[in-house]
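> Spelled out from the first residue to the last, the chains are:
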Amino acid sequence: MTAGEMTTEVATTRSSGLDWKKLLIGAVGMWLLGWGLANLFLSFGYYPDKYGSKVVIALLALVAGVGGAAILFFFLNMFVEGLPDRISAKLMPYAYVLPGVGLIGLMLLYPVLQTINYSFANEDSSKYVGFQNYREIFKDDEFWQSILNNVLWLLVVPAVTVAIGVVVAVLADKLSTQGEKVAKSTIFVPMAVSFVGASAIWGLVYHYDIGEKQTGLLNRIWTGLGGKAEAWLSISDFRLNSFLMMVILIWLQAGFAMILLSSAIKGVPEETIEAARIDGASELQIFWRVVIPQIKGTIITVFITVLILVLKVFDIVYVLKNGLDKTNVIANLFFQELFANDQAGRASAIVVILLLAVTPVLWYQVRHFREEEANR
Amino acid sequence: MRVPIRTLRRSALAGVSVLLLLATSGCFLQDPETSGQGGLGGQAFADGGSSDGDKKVTILGQFGGDEGKNFVASLTAFEKSSGIDIQYTSDTDFATTIKTRVSAGDTPDIGLFPQPGGLLEMAKRGEIQPIDTYLDYDAVARSLIPGFLEAVRLNGRVYGAPVKMAVKGLVWYPKKAYDAAGYSTEPKTLDDLTAISDKIKDGGITPWCMAWGSDQATGWVGTDWIEGYVLRMWGPDVYDDWVSHRIPFNDKRIIAAFDAFGKIAKAPGEVYGGVKGILNTPFANAMTPAFGGKPKCLLHHQADFAITFYPKPVQADLDNQVGLFVFPPSPGGYAGNPIVGGGDTAALFNGNDPDAIEVMKFLTSKDFGKEWAQKGGWISPHRDFDATNYPNETTRRIAAIAANADVLRFDASDLMPKEVGSGTFWTGMVEWLQGKSSRAVTTEIENSWPKS
Amino acid sequence: MSVMADGRRRSPFAIVVMVLLCLLWTIPTLGLLVTSFRTRDAAATHGWWEIFSSGWTLDNYDKVFNGNEMGTSFLNTVVVAVPATIIPIMFAAFAAYAFTFMDFRGKDLIFVAIVAVMVVPIQVAFQPMLDLLGPRGLGISGQYIAVWLLHTGFGMPLAIYTLRNYMSTLPRTVIESAKIDGATHFQTFWRLIVPMSVPALAAFAILQFLWVWNDLLIAKLFLSPGNSTVIVKLQGLLGSQGQGQELLTAGAFISMVIPMIVFFTLQRFFVRGLTAGAVKG
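Residue numbers (the working numbering), protein chains in the order written: chain W, 227 to 602; chain A, 470 to 921; chain L, 15 to 295.
Be aware that a few hints might be false.
[Said to hold, decoys possible] Listed below are the simulated BS3-like cross-link pairs for lysine-lysine, each with C-alpha atoms no more than 27 Å apart in a straight line:
1. Lys552(W) - Lys745(A)
2. Lys522(W) - Lys121(L)
3. Lys844(A) - Lys781(A)
4. Lys670(A) - Lys454(W)
5. Lys830(A) - Lys844(A)
6. Lys905(A) - Lys365(W)
7. Lys645(A) - Lys439(W)
8. Lys763(A) - Lys732(A)
9. Lys525(A) - Lys276(W)
10. Lys193(L) - Lys248(W)
11. Lys670(A) - Lys763(A)
12. Lys454(W) - Lys525(A)
[As the list claims (entries may be wrong)] Chain L stretches covered by chain A per the calculated footprint, using a threshold of three residues with CB under 8 Å from any CB of chain A:
13. 132 to 144
14. 147 to 153
15. 253 to 262
In short, the hints are calculated from the structure, not lab data.
We put the CB at the ideal spot given by N, CA and C, even for glycine.
Construct the entire structure; sequences and hints are all you get.
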């Protein structure tokens, strides 16, 4: 039985048609809420003095914002429940999806469609040029260089990040509560580092000094082991500089993987593990045969999220190298074209290529999605 | 056929927002400040910025940190006397931010452009008020060091005036070590300079301190050098032709300038740390090895702001610790004494606001900047600025050098189109240093010059 | 083999590996922390591990706090970050519920679109959003609400995606029995699904909070100077040639304090013992 049949069945057992009262309260409530919130916020901007202090505005804004969103759903739900049951059951999913998906549509989907449109236009989007932008991009060595680098990033970062995330989540689980807290906080810390902080931190690690004395950590260790000091991020042999930048992203993102995976591992019922233990399975066997299958869904989620993040990787490459020494990646190329070169057309075309590149992921995701539905 | 996609999209979006507004019109609070037009009442070319005549003026600029504080401090007295409240915002990524905000109609009243290129782009779009409509042009032109207004001229009209000057092409040296060894402090030509550096080498020291590291902007230090060579080897006319692309970037004279610089930058033994050192040391730390017990290098080519990066004890005793001379003229090149300068230019977005005009008048006068000058790190672009305000002899000397130069030319990379000036020219310098030939690099830059 | 307080066996392997990983993860940050207590001159001439031979200073912290209105910008950042964390979670949880437990036309298509737009660099949306929220549109640009809307929109795809994937692991029988008992979707959502999804909600809350807290681009473009956040203020510490770089090390640490507090507060959801019962409903 699918969920749809389910709802209609339940709905028909509770008879009723159109409920004017609910409909009216819902509609008026939503309108009043919107009007009130809008005016409240405008008044913050126009008459800040009337509120006395900034703290008052801040508190009011907090309460109004969070409370407003919650009450919005309350009224929205009431409005839809007020409709005749058949329509209500059909409409309810859309009502739940609408606020979120509506914002996505406005803020992401609409700009994407516009970007696709611009990718066929010239540099200031005043004239259509057909596939000109795509031809130019494909002829550009820098583009292929970036593709190669992006592929490297895609092969390395998601896999390593997930692996570290799983290892931390599983092993920390075996520590004492106190140990677990400390370990997880440590791995998490980089997540709290702003981007400015991260580049400063790794600048201190990869730093190169002329002369004998090295103030960069890596060079200090390297020379300590008898090596010669190197300008690490300038070494493009075997794409060493790209790999060193990948380390930074993995360092930043392992905490993310750990958090999601850890919350999944907490969901693995203790009984299944105990049962395996009683059957005489070793810890390693339990890990592979009991834990991993149960958190597979989350592993895929984390993997795909990091994968998508890597497709967009930009900040690190921009600040540390700006694509010099064969380190360019697609997203940095996009930024260079859009802001440095004022080439809206070519920049748009690059985004479209990114979108096309993600299609295999989408296809996999939908298949996985369907499988899940079927298995339940 | 011309399809104005952008306009279409704009109007569609505007339509949606108007609908949204109409649907609720009369229900929302109105901005109490938008009523009433003041000042020129619609005569102006540019009408961006906040509301007019409300005694509030917004400024967006690149000065942050101590610079930002000093900038604000030098406005305080003016704010008090005029009753105008100036709200200053700093943004290190000025170029991108101003473009995005202007496109959305969210302009400040006044923008302080670090590069004339960005200012002219806005002027072309009709966003900026030409200064002759609200300033006494002749008086301003007389007071300023010549060359600044030319940098922001478009179709005969000038669109901004400088508020801060940078003097480029200075050669710094650690005074004690340098004087003790008795090297010449006044080279007359580039040949004299070469003689000095040869002598330094004989003394067992690498002559030049050089560092280009500047995150995503690495390469700009090199462009300053090239500009110096072009101006000195071929004179201001060729320099102007080069900047405005009347001669190609890979003209043989430009290639010659690259090659001349190559004799220092690319030659073994001339620069401390070699190519690897140049590219991987932050430019701010370039001269650090020159100080201390035994200097590793002696000569450092950098603009006046280099002083803000010297070690604390050196800064505290600047006049006795550091010496400087101007990068000398080229033998057989331009006969005069030219200098490359730069600076931040104020431009008016809101031509209708009498308050903003008041502020512009003050910013572009010789009276602006006393407080900033006293704190150091700032030089007035006005010849008649009271030099007693500068905190040390070194700064006074730099100001005099700029005021007495035969010719001042604005930093070429700031004038060139952005694709080149802060794009391929920078990256090209890095590739050139790493071994590419002058011809190959200049040709690559030439190919990247925007077509239209 | 020794036994821990809660009766589980101690795992030496886990202890060794975790200690190693933790060291690797901490050392780079430790370098920054140490450097934030040093002058620019000292940092340029000595490695941070030589801290004891080159002296300490509190100057960097002093300069960051003095005259930069850090208090106001901290307050601003909290006002920006808290609703910009809770609102998207609320919106996304409702949407994820619909995607997991309800059937409707276009479900697959909408979900695919959501995953697809995750790769879009948000920079492409700035111009249209400035048009819509700025003076030519709704005129709310500069206010907190503009930034909440933007963070809600930009954070939404990842939120829906992770929450839906988590909710799909919840036992379906619980929801079905609730329906048979006559509970509406609204009741099922608040009484069953939200409590059962707490670990995932908390995980996402942390991520979204961090992203908003450390965001520079949106805050810079869409908040008026009086409302600007800590990260924007930090960037403003730099001079036009990058003077004051040494202050960033101190600034980076100051800006880390509140995210860490949030993490410690929510951490109990990821630590053994407290959530094990809740998840199984």
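> It remains to establish, for every hint, whether it holds in the given structure.
Going through the hints against the structure:
Straight-line distance between C-alpha atoms of lysine 552(W) and lysine 745(A) comes to about 16 Å, which keeps the hinted pair within the 27 Å bound. Between lysine 522(W) and lysine 121(L) the alpha-carbon distance is near 23 Å, which keeps this suggested pair within the 27 Å criterion. Taking the CA atoms of lysine 844(A) and lysine 781(A), the gap is about 15 Å. The hint holds against a cut of 27 Å. For the hint pairing lysine 670(A) with lysine 454(W), the CA-to-CA distance comes to about 25 Å; that is within 27 Å, so the pair holds.
Note on lysine 830(A) and lysine 844(A): the hinted pairing holds, with a Cα-Cα distance of about 23 Å set against a maximum of 27 Å. Of the supplied pair hints, the one linking lysine 905(A) and lysine 365(W) holds, its CA atoms being roughly 22 Å apart against a limit of 27 Å. The hinted pair formed by lysine 645(A) and lysine 439(W) meets the criterion: a straight-line CA distance of about 24 Å does not exceed 27 Å. As the CA atoms of lysine 763(A) and lysine 732(A) are separated by approximately 25 Å, the hinted pair is consistent with the 27 Å bound.
Restraint check for lysine 525(A) and lysine 276(W): satisfied, since their Cα atoms lie roughly 19 Å apart, inside the 27 Å limit. Taking the CA atoms of lysine 193(L) and lysine 248(W), the gap is about 21 Å. The hint holds against a cut of 27 Å. The straight-line distance between the Cα atoms of lysine 670(A) and lysine 763(A) is roughly 14 Å, inside the 27 Å bound, and the hint therefore holds. A distance of roughly 59 Å separates the Cα atoms of lysine 454(W) and lysine 525(A); the hinted pair therefore is violated under the 27 Å criterion.
Counting residues of the region 132 to 144 of chain L whose CB falls under 8 Å from any CB of chain A gives 4; the rule of at least 3 is met. Beta-carbon proximity to chain A at under 8 Å applies to 6 residues in the region 147 to 153 of chain L; the threshold of 3 is reached and the given coverage holds. With a threshold of 8 Å between beta carbons, the proposed coverage of the region 253 to 262 of chain L by chain A holds, since 8 of its residues qualify and at least three are required.
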